[in-house]
Amino acid sequence: MSACGFSLDNGLPGALKKFAFENRFPLSATFELTPLCNFSCVMCYVHLTKEQMKSRGEMLTAEQWIDIAKQAKDMGTLYVTLTGGEPFVRPDFWDIYSELNKMGFLISVLSNGSLIDESVMEKFNEYGKPYLMKLSLYGASNETYSKVCGCPDGFERVEKAVKLIKNAGIPLMLTGTVVRENSEDLNKLYEKAREWNVPFQHTVTVVKSARGAVNSAAESRFTFDEFLDEMTLEKLEKNKFPPLKSPFAWCSSYGCSFWLTWNGHVQLCSFMNGPYATLENGLTDAWIELNFKLDNLKSPQECKECRYAEFCQRCPGMLCGESGDAEKISEDICNIAKKLYYAHKKLIQEEQT
Amino acid sequence: MIYKVKDGFVLRKIGPQIMAVPVGRLTSEIHGMVALNESGALLWDSLVRGSEKEELIQILLNEYETDKETVTSDIDIFLKNLEEQGVLEQ
Numbered sequence: 001m002s003a004c005g006f007s008l009d010n011g012l013p014g015a016l017k018k019f020a021f022e023n024r025f026p027l028s029a030t031f032e033l034t035p036l037c038n039f040s041c042v043m044c045y046v047h048l049t050k051e052q053m054k055s056r057g058e059m060l061t062a063e064q065w066i067d068i069a070k071q072a073k074d075m076g077t078l079y080v081t082l083t084g085g086e087p088f089v090r091p092d093f094w095d096i097y098s099e100l101n102k103m104g105f106l107i108s109v110l111s112n113g114s115l116i117d118e119s120v121m122e123k124f125n126e127y128g129k130p131y132l133m134k135l136s137l138y139g140a141s142n143e144t145y146s147k148v149c150g151c152p153d154g155f156e157r158v159e160k161a162v163k164l165i166k167n168a169g170i171p172l173m174l175t176g177t178v179v180r181e182n183s184e185d186l187n188k189l190y191e192k193a194r195e196w197n198v199p200f201q202h203t204v205t206v207v208k209s210a211r212g213a214v215n216s217a218a219e220s221r222f223t224f225d226e227f228l229d230e231m232t233l234e235k236l237e238k239n240k241f242p243p244l245k246s247p248f249a250w251c252s253s254y255g256c257s258f259w260l261t262w263n264g265h266v267q268l269c270s271f272m273n274g275p276y277a278t279l280e281n282g283l284t285d286a287w288i289e290l291n292f293k294l295d296n297l298k299s300p301q302e303c304k305e306c307r308y309a310e311f312c313q314r315c316p317g318m319l320c321g322e323s324g325d326a327e328k329i330s331e332d333i334c335n336i337a338k339k340l341y342y343a344h345k346k347l348i349q350e351e352q353t
Numbered sequence: 001m002i003y004k005v006k007d008g009f010v011l012r013k014i015g016p017q018i019m020a021v022p023v024g025r026l027t028s029e030i031h032g033m034v035a036l037n038e039s040g041a042l043l044w045d046s047l048v049r050g051s052e053k054e055e056l057i058q059i060l061l062n063e064y065e066t067d068k069e070t071v072t073s074d075i076d077i078f079l080k081n082l083e084e085q086g087v088l089e090q
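Each protein sequence line maps, in turn, to chains A and B. Last residue of the first sequence: 353 (my numbering), numbering continuous. Last residue of the second sequence: 90 (my numbering), numbering continuous.
Just so you know, the hints here were simulated from the structure itself, not pulled from any lab data. Misleading hints may appear alongside valid ones.
To give a feel for the contact side, a few chain B residues facing chain A, derived at Cβ under 10 Å [to be verified]:
| # | residue |
| --- | --- |
| 1 | ILE14 |
| 2 | PRO22 |
| 3 | ARG25 |
| 4 | LEU26 |
| 5 | THR27 |
| 6 | GLY50 |
Label-pair ranges, simulated between beta-carbon atoms [said to hold, decoys possible]:
| # | chain 1 | residue 1 | chain 2 | residue 2 | range |
| --- | --- | --- | --- | --- | --- |
| 7 | A | GLY282 | B | SER73 | 44 to 54 Å |
| 8 | A | LYS54 | B | ARG25 | 49 to 59 Å |
| 9 | A | THR61 | B | LEU11 | 36 to 46 Å |
| 10 | A | LYS102 | B | GLU55 | 23 to 33 Å |
| 11 | A | MET173 | B | GLU69 | 38 to 48 Å |
| 12 | B | LEU61 | A | GLN313 | 52 to 62 Å |
| 13 | B | LEU11 | A | ILE288 | 34 to 44 Å |
| 14 | A | SER119 | B | GLU29 | 15 to 25 Å |
| 15 | A | ILE288 | B | LYS13 | 30 to 40 Å |
Cross-link-like lysine-lysine pairs, in silico, DSSO-like; alpha carbons within 27 Å at most [claimed, not checked]:
| # | chain 1 | residue 1 | chain 2 | residue 2 |
| --- | --- | --- | --- | --- |
| 16 | A | LYS102 | B | LYS6 |
| 17 | A | LYS70 | B | LYS6 |
| 18 | B | LYS4 | A | LYS102 |
| 19 | B | LYS80 | B | LYS68 |
| 20 | B | LYS6 | A | LYS166 |
The model shown is predicted, which means the values in this text are computed figures rather than measured ones. For each residue, glycine too, the CB sits at the ideal point set by N, CA and C.
Required output: the full structure, derived from the provided sequences and hints.
Here it is in structure tokens:
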């Protein structure tokens with residue numbers, strides 16, 4: 001007999017993930033409840049207007065989401081992330097949330113924070129608090145929120161949400177995407193996060209819109225050249241990638257996770273809109289079909305003989321977002337790898353002399 | 001003394017791992033999940049109903065070939081952990 005066990009998450013997520021991958025079941029799932037959003041961010045690749053949405057399919061109903069969640073629970077899903085668009089714009093958000101909470105999922109909610117007020121906190125008290133709230137932080141002032149998100153009081157609203165969530169004792173994380181429109185706020189974003197005592201991470205990665213959304217990624221995102229001067233030999237060495245044994249060698253979602261879009265496409269991640277499976281024969285069939293398709297996915301032929309490969313941060317999702325096809329190279333990604341390769345070579349030479 | 005876990009846990013089995021996940025209002029008191037090993041899971045149903053320690057000891061003695069002293073010691077640790085994490089009713 002072993003000692004009676006008790007722990008609170010200690011070491012469990014990693015071990016469970018390994019088990020899920022080895023046994024091919026979806027330990028985690030992301031439910032993209034809607035493509036609609038009250039923000040219009042310049043870099044968003046999901047947001048659709050109601051008119052755009054109608055031309056691309058129908059949003060799954062609350063009943064459908066609940067039924068899918070029941071199937072996911074039976075398949076072994078523990079972690080569920082609710083996202084959008086903005087999940088709180090759904091009038092039936094709480095119908096979905098309360099049922100999912102009852103099923104015993106560890107629920108994370110990804111939101112822009114602008115619709116989170118006292119009434120949302122009351123609902124969380126009533127239906128159960130999420131495992132994690134993840135808010136996006138796109139500026140340190142209303143002015144920046146106006147430029148990035150088209151929301152003139154966005155910062156005020158998000159700041160209020162942060163305080164409410166913190167006061168409610170709900171674990172909170174902040175994430176930000178830095179584009180030209182908010183780059184001057186970057187240091188202030190970290191200052192704000194420190195002031196609120198909330199972890200914050202930013203990214204400059206903006207993927208082109210591959211799912212029907214209209215964004216201005218090409219104009220708003222930074223080009224890689226703008227970061228090249230900051231590259232040191234140490235950084236470059238650290239970011240070298242070993243040859244890929246499979247297209248998903250670096251992917252943490254492959255084989256243990258799925259992303260379900262607002263219109264019922266079961267896919268690997270948000271960027272990777274193909275291959276996907278549909279729910280006609282239920283989630284289990286869709287999961288098997290998706291993984292069969294992913295297992296048969298090949299890296300672009302060009303990548304196999306590419307001399308710059310060890311500096312290429314490609315993944316099928318990024319390729320899909322950038323070139324529209326997970327098996328096709330993207331000129332932008334190739335150029336970044338090429339520049340890193342030569343920057344590395346130059347720094348090596350400089351060190352030797 | 002009766003030992004009873006608070007109302008509002010859903011027992012989940014994910015692969016080989018059994019865990020109790022707090023739902024509804026209980027999430028305000030307990031965050032995350034309570035991971036149970038095989039013997040912890042065996043005791044869980046009795047703890048949901050509410051049980052004396054002696055009953056819990058008997059459950060494990062019926063299941064495992066071991067002595068009462070070892071079982072009692074394990075259960076004491078288990079109950080102490082549950083109590084410290086706020087899982088047991090006062």
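Legend entry - 27 Å limit on alpha-carbon distance, applied to hinted pair LYS70 of chain A and LYS6 of chain B: Judged against 27 Å, a Cα distance of about 24 Å means the pair holds.
Legend entry - Interface hint status, ILE14 of chain B versus chain A (Cβ within 10 Å): holds, 5 Å
Inset, instruction - Verify the interface restraint on PRO22 of chain B: the C-beta must sit less than 10 Å from at least one C-beta of chain A. - result: holds, 8 Å
Inset, instruction - For the pair supplied as a hint, LYS80 of chain B and LYS68 of chain B, confirm whether the alpha-carbon distance does not exceed 27 Å. - result: holds, 18 Å
Inset, instruction - With respect to the beta-carbon atoms only, verify the hint that THR61 of chain A and LEU11 of chain B lie 36 to 46 Å apart. - result: violated, 29 Å
Legend entry - CB-CB spacing for GLU69 of chain B and MET173 of chain A relative to the 38 to 48 Å hint: holds, 46 Å
Legend entry - Hinted contact GLY50 of chain B with chain A - closest CB pair below 10 Å: violated, 18 Å
Inset, instruction - Take a quick look at whether LYS6 of chain B and LYS166 of chain A sit within 27 Å of each other, Cα to Cα. - result: holds, 25 Å
Inset, instruction - Closer than 10 Å between Cβ atoms is the bar; does ARG25 of chain B clear it against chain A? Give me holds or violated. - result: Given a least distance of 7 Å, the restraint on ARG25 of chain B holds.
Legend entry - GLY282 of chain A versus SER73 of chain B beta-carbon gap, inside 44 to 54 Å or not: holds, 47 Å
Inset, instruction - Given the hint of 49 to 59 Å, check if LYS54 of chain A and ARG25 of chain B actually sit that far apart at their C-beta atoms. - result: Given about 39 Å between the Cβ atoms, the range is violated.
Legend entry - chain A contact restraint for THR27 of chain B - C-beta distance below 10 Å: At about 4 Å, which falls below the 10 Å cut-off, the nearest Cβ of chain A leaves the hint on THR27 of chain B intact, so it holds.
In summary, the structure is inconsistent with hints 6, 8, 9, 13 and 15 from the numbered list given earlier, while agreeing with the others.
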